[in-house]
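J.: Sequence:
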Amino acid sequence: MKKFKKISLIFLILPLLISTSAIAGSPYYIDFSKVLNESKAGKGAQDFLKKKFESENKKFIKEEEALKKEETEIISQKKIITNEEYQKKVESLRKKVASLQKRKQDLIKNIANLRAKARTELLKTLNPIIKKYMEENKIRIVLDRKSILLGDIKLDITPQIIEILNKELKSLKLN
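Under the working numbering, the first residue of the sequence shown is numbered 9, with each subsequent residue one higher.
Hints in this document: simulated from the structure, not taken from any laboratory. Treat each hint with caution, since some may be false.
Simulated crosslink set (DSSO-like; lysine-lysine; CA at most 27 angstroms straight-line) [claimed, not checked]:
{"no.": "1", "residue 1": "LYS132", "residue 2": "LYS59"}
{"no.": "2", "residue 1": "LYS181", "residue 2": "LYS117"}
{"no.": "3", "residue 1": "LYS76", "residue 2": "LYS112"}
{"no.": "4", "residue 1": "LYS97", "residue 2": "LYS112"}
{"no.": "5", "residue 1": "LYS86", "residue 2": "LYS103"}
Throw the hints in and build the complete structure from the sequences for me.
T.: Here is the structure:
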């Protein structure tokens with residue numbers, strides 16, 4: 009009799025478990041790096057940061073060339089000027105080089121900070137979009153593509169999210 013109760017209990021619970029897993033469905037996934045790189049706002053932010061870096065880097069290259077020229081002039085004057093005067097010029101050149109290197113590092117930090125700010129702002133806009141999409145399509149879980157080894161392409165919602173994001177967020181303000 010006890011075995012009969014256990015078996016009947018299993019047959020009663022088993023359909024409930026199966027139907028619950030069917031409701032949950034498959035987990036969907038999104039490629040966040042693709043969203044950040046291919047959305048209008050993300051692409052625009054990257055282009056802005058790239059142009060800013062390139063324009064500043066050109067200025068640094070010109071300064072480096074001028075400093076190299078100055079260095080060759082100082083070396084050529086070594087035998088003509090006094091040792092004390094030579095040391096002053098070398099020290100002045102070193103300070104200029106150190107200043108240039110510091111400004112380069114500051115630029116790189118500034119670009120990195122702007123990039124992080126853009127990413128944060130984009131993700132802040134993206135989260136409600138994903139939540140709304142999940143509610144509308146009765147999705148219970150969305151995973152990042154990086155966490156998935158293999159997955160059916162039909163479960164990838166990245167293109168739909170990019171489309172919605174492009175409608176809601178045209179660009180990011182990074183200044």
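J.: Compare the structure with each hint and give your call.
T.: Status of each hint after checking the structure:
no. : hint               : result
1   : LYS132 with LYS59  : holds, 25 angstroms
2   : LYS181 with LYS117 : holds, 18 angstroms
3   : LYS76 with LYS112  : holds, 17 angstroms
4   : LYS97 with LYS112  : holds, 23 angstroms
5   : LYS86 with LYS103  : holds, 19 angstroms
Checked against the numbered hints above, the structure violates none of them.
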